[in-house]
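Residue numbers (this note's numbering), protein chains in the order written: chain A, 1 to 112; chain B, 1 to 114.
Among these hints, one or two may not hold up.
Simulated pairs of lysine-lysine, BS3-like, Cα-Cα distance not exceeding 27 angstroms [to be verified]:
(1) 57(B) to 2(A)
(2) 79(A) to 45(A)
(3) 45(A) to 14(B)
(4) 2(A) to 71(B)
(5) 79(A) to 14(B)
(6) 99(A) to 71(B)
(7) 14(B) to 57(B)
(8) 42(A) to 2(A)
(9) 9(B) to 99(A)
(10) 57(B) to 79(A)
(11) 42(A) to 9(B)
(12) 79(A) to 71(B)
(13) 9(B) to 71(B)
(14) 2(A) to 79(A)
(15) 2(A) to 14(B)
(16) 14(B) to 99(A)
Just a few of them, taken from the derived set where beta-carbon distance is under 8 angstroms, the chain B residues facing chain A [as the list claims (entries may be wrong)]:
(17) 8
(18) 10
(19) 79
(20) 99
(21) 111
Derived by calculation from the structure, the hints in this document are not laboratory data.
Only a predicted model underlies this, so the values are computations on that prediction, with no experimental measurement involved.
Don't be surprised by glycine CBs; every beta carbon is placed ideally from N, CA and C.
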Amino acid sequence: RKEVEQDPGPFNVPEGATVAFNCTYSNSASQSFFWYRQDCRKEPKLLMSVYSSGNEDGRFTAQLNRASQYISLLIRDSKLSDSATYLCVVNPGTDSWGKLQFGAGTQVVVTP
Amino acid sequence: NAGVTQTPKFQVLKTGQSMTLQCAQDMNHNSMYWYRQDPGMGLRLIYYSASEGTTDKGEVPNGYNVSRLNKREFSLRLESAAPSQTSVYFCASSETAGGYQPQHFGDGTRLSIL
């Protein structure tokens, strides 16, 4: 079983619609969580950190469910520029100091 | 702001050749990392340097060596390239290690081994 699992998609989303997807992680001791976006053939860029209480950044909302060991990302009012691969990133805890675990990504395609 | 700079951007090598990938950051970060990204897989950590003067193995260190030259620079060396090392390589940095700070990435080196 992969340590961080994501639905690879693609999620095809009409412009203006809402899309949400999850990421599951295997280590219950995981300490911190991030969402990155990666455009085709580009480097990953931090989208947002994920806090225990959930957090929002504009049209993006991230949630953490420790009991079920998943995090989610919701994108409202999707824009064409939101088309990208979204990477779920997990800090597995102090025993794996600094060694973030990356999911393989969920592809989102926003269509006109 | 340059952030994290990687050179070269592209490279083609023959099996058995050696080369060094360079990485420099100008954010005064303490920690630096080397990853490889292969299709359908998440980024995998090759080596990291928690602070100047230290380096440690990541998930896939075999066939690679690293040098933390100073606080700014962290290089990755392939001593005898193999086709299995064909990949996109990313360097990243963060303020500190421990995984609580986000990492900032360079724009990658696309390496093909023939």
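Which of the numbered hints above does this structure break?
3, 4, 5, 10, 12, 14, 15, 16, 17, 18, 19 and 21
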